[in-house]
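Chemist: So the chains spell out like this:
Number of protein chains: 6
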Amino acid sequence: MGYRLAAFGEFLLRLHSNGHQRFGQTDGYTAYYAGAEANVCVLLARLGMQVDYISRVPDNDLAAAGLQQLRGHGVGTAHVALGGQKLGLYFSEPGNQLRPIRVIYDRNGSAYAELEPGMLNWNSIFQEHQCFHWSGVAAALSASSAAVCAEAIQTARDKGLLISSDFNYRATLWQYGKKPAEVMPPLLYHSDVAVADLDAVEIYYGITTDASLPLEERFRQTFTTLQRHMPRLKTLAMSFRKTQGAAPVYSGALAHEGGFYFHDGFPVPMVTDAIGTGDAFTAGMLYGLTNGHAPQDIINFATACGLLKQSIPGDWAILSLKDIELLLKQGISGRIAR
Amino acid sequence: MGYRLAAFGEFLLRLHSNGHQRFGQTDGYTAYYAGAEANVCVLLARLGMQVDYISRVPDNDLAAAGLQQLRGHGVGTAHVALGGQKLGLYFSEPGNQLRPIRVIYDRNGSAYAELEPGMLNWNSIFQEHQCFHWSGVAAALSASSAAVCAEAIQTARDKGLLISSDFNYRATLWQYGKKPAEVMPPLLYHSDVAVADLDAVEIYYGITTDASLPLEERFRQTFTTLQRHMPRLKTLAMSFRKTQGAAPVYSGALAHEGGFYFHDGFPVPMVTDAIGTGDAFTAGMLYGLTNGHAPQDIINFATACGLLKQSIPGDWAILSLKDIELLLKQGISGRIAR
Amino acid sequence: MGYRLAAFGEFLLRLHSNGHQRFGQTDGYTAYYAGAEANVCVLLARLGMQVDYISRVPDNDLAAAGLQQLRGHGVGTAHVALGGQKLGLYFSEPGNQLRPIRVIYDRNGSAYAELEPGMLNWNSIFQEHQCFHWSGVAAALSASSAAVCAEAIQTARDKGLLISSDFNYRATLWQYGKKPAEVMPPLLYHSDVAVADLDAVEIYYGITTDASLPLEERFRQTFTTLQRHMPRLKTLAMSFRKTQGAAPVYSGALAHEGGFYFHDGFPVPMVTDAIGTGDAFTAGMLYGLTNGHAPQDIINFATACGLLKQSIPGDWAILSLKDIELLLKQGISGRIAR
Amino acid sequence: MGYRLAAFGEFLLRLHSNGHQRFGQTDGYTAYYAGAEANVCVLLARLGMQVDYISRVPDNDLAAAGLQQLRGHGVGTAHVALGGQKLGLYFSEPGNQLRPIRVIYDRNGSAYAELEPGMLNWNSIFQEHQCFHWSGVAAALSASSAAVCAEAIQTARDKGLLISSDFNYRATLWQYGKKPAEVMPPLLYHSDVAVADLDAVEIYYGITTDASLPLEERFRQTFTTLQRHMPRLKTLAMSFRKTQGAAPVYSGALAHEGGFYFHDGFPVPMVTDAIGTGDAFTAGMLYGLTNGHAPQDIINFATACGLLKQSIPGDWAILSLKDIELLLKQGISGRIAR
Amino acid sequence: MGYRLAAFGEFLLRLHSNGHQRFGQTDGYTAYYAGAEANVCVLLARLGMQVDYISRVPDNDLAAAGLQQLRGHGVGTAHVALGGQKLGLYFSEPGNQLRPIRVIYDRNGSAYAELEPGMLNWNSIFQEHQCFHWSGVAAALSASSAAVCAEAIQTARDKGLLISSDFNYRATLWQYGKKPAEVMPPLLYHSDVAVADLDAVEIYYGITTDASLPLEERFRQTFTTLQRHMPRLKTLAMSFRKTQGAAPVYSGALAHEGGFYFHDGFPVPMVTDAIGTGDAFTAGMLYGLTNGHAPQDIINFATACGLLKQSIPGDWAILSLKDIELLLKQGISGRIAR
Amino acid sequence: MGYRLAAFGEFLLRLHSNGHQRFGQTDGYTAYYAGAEANVCVLLARLGMQVDYISRVPDNDLAAAGLQQLRGHGVGTAHVALGGQKLGLYFSEPGNQLRPIRVIYDRNGSAYAELEPGMLNWNSIFQEHQCFHWSGVAAALSASSAAVCAEAIQTARDKGLLISSDFNYRATLWQYGKKPAEVMPPLLYHSDVAVADLDAVEIYYGITTDASLPLEERFRQTFTTLQRHMPRLKTLAMSFRKTQGAAPVYSGALAHEGGFYFHDGFPVPMVTDAIGTGDAFTAGMLYGLTNGHAPQDIINFATACGLLKQSIPGDWAILSLKDIELLLKQGISGRIAR
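Residue numbers (our numbering), protein chains in the order written: chain A, 1484 to 1821; chain B, 1484 to 1821; chain C, 1484 to 1821; chain D, 1484 to 1821; chain E, 1484 to 1821; chain F, 1484 to 1821.
Simulated from the structure, these hints should not be mistaken for lab results. Mixed in with the good hints there might be a few duds.
Because identical chains share one entry, a pair is satisfied inside a single copy or across any pair of copies.
[What the hints assert, rightly or not] Derived lysine-lysine pairs resembling DSSO-like cross-links, with alpha carbons at most 30 Å apart: (1) 1805 - 1642; (2) 1642 - 1725; (3) 1812 - 1662; (4) 1725 - 1812; (5) 1812 - 1642.
Full structure from sequences and hints, please.
Modeler: What follows is the structure in structure tokens.
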């Protein structure tokens, strides 16, 4: 019987401008449910892992419709607390290769942001889980919800769960008066597994690497330095988007139990929806890790998940094991799968 | 040269579930901009009146897209203050004759709700206006924005503007710790013109009438009693939706300078979007009033505006003078206007 | 082997505002192809009759796409001349029971309007036909196209075809300097069969009836008077939309070889698209007539066609014989046809 | 702790023509998942009952997407067998008050129709259930799937489950060479609870009542006669659609433990989607019954469920307890639920 | 007067998931009609050739809507037999450059698959035709429909028609118990003209070429070897999709009366819909061949058709001669054709 | 206080086929308002410049809806004359990298084309403006509207306005019997600033350059030669689309007060809508020029505007200053702007 994972963070409704329309011309929004940790849960559940999502949402039909979708994908929602008044939202407008996707957050005062220590009984939540996952945005919204992250991490540590942390830095959040560099290091301290990018490592810890070095080397140095601040860290994964020549390349790196493993990358000639790429990469890595795959297979699988997410509208990687294995076997091709 | 009117209230983005879909099944939302006072402005501007909308919205593209639409209809937006973080929102799902439209508000912490006295310079805003319009929802969101309503009304009174107030009671707002019956009477005190419904009159003033009486009589009694609390009140308008037999009937009543005037009502066999009906009625009444029409013409025109709004998607009465005159001349008919 | 019918008139692209949106708020238009005589052809072809449509359209993809649809429904398009620069257009915005559908024409200078006598070789066109159909709008656009109508009618008369004329008066056309009362009577003179309404009869001939009489009686009087101006007229059909009580009623009348026949009418609680109703009625009448049905069956069938059209978006009555027979057998019911 | 119900039948993908378009003009289809018994499950699960759906679907993404939606609404899908090649389908085109919805079935050779006795282990399926529900369409597709119905019913009887049967006759199914009157009576024999309509009672048992009697009396007589063929029958529910005057009326009747209970009916001025009405009625009745409500409350609740379904697109009654209670309290009103 | 061509195969309704949505998230499907041979017919008819499509479809509105579209494009449908119960279907989800289009077939038991020898009277069908076209999928569905292919081919041979065969191998069809290598060679034996790809040649005949050779050389060897099995074969065409560097390249090869001709290929930076590419290539080749073009022009034209199809949604190459000539003249450019 | 600009030309409604559909398969059209000079106005107004649009449109709702949108973006419409019968139209079908966008014009007889000298009072229009902008299409529709261009230019010259002219040659217009080479040079004579492309320069003046030279050199030579025909010309801008390798490159050139300035170009891997690119480039150039930016900054800014337009659906560059500055700072990247 496999691992059971619990993930904690804010649940969001994303309102994405229709077609290719900008905010200044749109007639409406497509609704997707989202949230970094929910995104991870959805892909893991679709791949067959037992996962429970933990959050707090208002007791209204907007939130209920989202939980309904999570359950559809197989994510457990029994521990999502109901309360507060507002579901976290974000608006997005489509970009294309010429212009970036733009995001407007509307998350202040959400049911999640108003979480306070004691509201969630972590001891009773963590009963069947072997793994706990959270990310930096879970601590970026309010001091009180960051404190709930601390509760969760401490309980997970006490109960011996594997702790997986995604650095996940968002510059436009973090408006509650504390700096990420104050809040994040103590929370990340207990991590066994982490996903990060070079920017977040610098913001949270002030760790930098020489930008003229190859990414592989910068990854190696970063991992070595990070271990000083994260004493239990055994696994670190990172994905990269390199713009070289005509099409960008999406690649991945893994440090795992002493070794370093790299995926050379896939070309990315077209992106349908870039949001959620990192979460799909994280889910792929956790899937490989908890299923005991070889490290090179883990990073290959994770990179494939991150790539394929970019072909799918919405924040969730609506993928099956077969889709990922097909990519790993055939690479990118224009074939029709009849 | 005609009247110039200023109106004050919260500007909203409405997200209305696509097609006939309920929240629990929708794939997205059509975007309409809204707000009771903005709705009044749009119809008045379309009818050719000079109107300025006064509000506070965040400096982001969601708000800018809405102001852009207001300007398109001819509403002045030069006095809309930029600031705060959040645009007021509401979500709606379509009803039909069997099931009501449902609304979920997300307005806490909006740029408008966080308005504080002194932020808007009413003396400089009211320079060319002869009329000021506001409604009960403008005072329903926060103590501080209710205080700004008081500022606006006092300045309008001092400058001799005609004050038009729509009672506009929404039970699910008013969560800031004060009761409508405390807040509204002092604000309504200075009104020259008012639009109300029987429920709001009871909530704000405790005034009731015998429900077995005809609506016309209840309207007469209500006006007489209200005048005791609103010493300057010379004009009161009210619209009614009566469900009698197969199709509902939409009718209107006007008390004006001592006389009572009634429109018998239009049948309403079908409603495309009921939201904004009252605001269209109010705009129609203000149009007739400020153009010096005869009282019976005023209530006929206002009732026609309220009826026609129900045929139009969104909160705004996208109407021309010709549309309204055609209805008043031909009544409801299945004709094609070729 | 059945009748073969030729019909002549302007082919149009209709651009109908999406959803329930008015011109002042729409984001786009649904494309339907149209034209009174094309509409008649489509239903007749769907019912199995051999029909050829005669018109003139520009040699571009907009017109080609419409001819393609006509052929799909079984209408012959071999005699549609290519030439000119512009396809006739009209824009429409949806109405509902509260507000009428509105139409904006853009037909000036169309390939059809620029038709001139001699351009179409009617002798070679009419080779296998037993019936010719046209309507008043075919003569309403330009003096030269009205002259082409005269050519067609004269050739049809010379060749012994049954001539069917729909009065079809549109007030906002007729801008080329002649009055309908000058142009239409000589064209209608040769008609064997006609469809009319009371307004058009008045405009074209100045014939009126006492509006306080029952519609049946007004129809009888109209037919009798009309016969004086149309000496060959043996068949006259008329449809009525009466608004009595909650829902309108749609009914029909037929004068045929000395007798008068009436359909009492169907209630019309809802209309999806009223445009094309009269053309479907006309097609239904011609179908019954050319198939030798009993007069009461003819008017029943025609009325059923006119009613059912109102349930179908676009100008064409996308109906099968089975649909019409089902209505005639079951009436209007909420049943599901599984 | 409440009842746990199992329901068995064919799972379907419905492809419903977009907008108001007929098959002959549509550009595509909206996808809804369906199946009489699945429909019942969805509403019961939304109302909080524990329900498991039992069926057989192919192991492909079309079926998986449907099961995903079932799980979202809270329906257990652990006992849905995977196998076969084809998911049952049906196509529909929208009707309106003038023209009926039309359905084209494509169910032959589906994974369900190819079910054979022994494929499902009913002993292991029925472990925690107190109630089994099925309907006539479950036996209408193939002899072998009708035999699986018999297996299920016998096992349910042996294990002491309450057996609920919906007569649910569809004339265009039943093409496998047996008559409903041969197949259905032995299957219905064990029913404790049934939903029927007068037509199905006649088809299955040859039982008729005098059509000139009031529906209430016909219901009473039908129940009394049916009990002779269904010895365990204690509860019978029936819904009626009466077209009287302008708008139809939807009403219900219940026979329960010796008494007869009626709901006078709701007017139905507009229908968004009539399909699934009967299943929502059945679910409402089962909800009241298994929660021990008073008989009059049961039939009121069931009738309200059937009515409200007609306001919702798709086959599923996307309703909450609150929606139903609001209707029972306020009736049909044009109010906005803000 | 040109060639008249008859083509035989299964007519299909394709249901293609809306927007970019995967099966697991779609809200509906766009409807396209399809079928390899129908696709060929549509482009040939659009280019002005006389073509008749021969198939068998059920007598329902789904099939009728498709035939209507064929007729619109100019394809003769008089020889499409009505009968059976089911129209062949396939579902597809959009791919993009990162993930393949996926197809789910639902064709078992279709009206076409249930065709049996004797049902179609090939002698009376082939009266005015000079050419017969079919493809491998026409024989892939059932033994009986493969036997009907044999009937058609034999009759065509007897009557001296040019026989055009597309190898068109689909691995997931061929489930009726026979191998393609048993069925196809006798059917292909009579071909004068063929389109193939290297995979199908291997599956049907076991013919392979050294994969390290250039495609041009592999094509030459394949043709030479194939001629041993297909003694009448004078013309063979093949298209290639090579993924080299950033964008794939689409190219073509032709063996014709002793010579070999190649088109170097077009870059394919973006694909709107890849399905139907091969059929457009085939149609382009047949157009050039039957119009007596020079061999190099034939392969250029065919390759241009195959390329342009990829820019068009749906299975049909909605192209005009002018579109193809413009590409051959200008190549791929970002110009606007004003 | 900044420059105030007036621009004159035809206002158009563009009807753009939905999705990726060609004319021969589309179900409808998305509505965008357009017109070369209106496009320039919209971007300038969005960037904060005071701009007035001058044109003539019919007094109907189609035109009103467009003016409404112009006002929304901040463009003054007070000088748009109402009259005539027809709004200029154009239809377009989407292209992609494989196939060009196609345009069908329907502009004959439009309110603009029927403008005659004397209809617009240029003396009263030009009261607060420092700059006048027009383009070649404004003179391409009719002799009389070209004469109005001459009036406008002469008045602008008399009043000392800076005159900006876009050569803007459209081959399929110019059907009123005069050649561009007769009409355009006298109109262009007074230009202070111009935008051109090499083709238009050849058509209007017969000026050619050696196509084998680098574009930069051809630009330099063209400017030098043009100055002989345009004695006041101090500023000339030109944009280029070079197809080199996989993706095209979009670049720009500026001659200004004796110097030549070039932007090397942006890669254009994908285009959402190419129409309006040149107008956005022109607006960007005029913005830089009238704000006194350095020449290199002007051409960089203009090129960025032209590039970004290609990412936006419709004819208008829905851009903010921030969007353009972000591109100039970061270049094209796949980043998400959170």
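Chemist: Are the hints correct? Go through all of them and say.
Modeler: Hint-by-hint comparison with the structure:
1. 1805 - 1642: Neither: 34 Å inside a chain and 41 Å across chains, both beyond 30 Å.
2. 1642 - 1725: The answer is neither: 40 Å in one copy and 55 Å across copies each exceed 30 Å.
3. 1812 - 1662: Between copies only: 27 Å across, 44 Å inside.
4. 1725 - 1812: Both ways: residue 1725 and residue 1812 sit 23 Å apart in one copy and 18 Å across, limit 30 Å.
5. 1812 - 1642: Answer is neither: 39 Å inside a copy and 49 Å across each miss the 30 Å cutoff.
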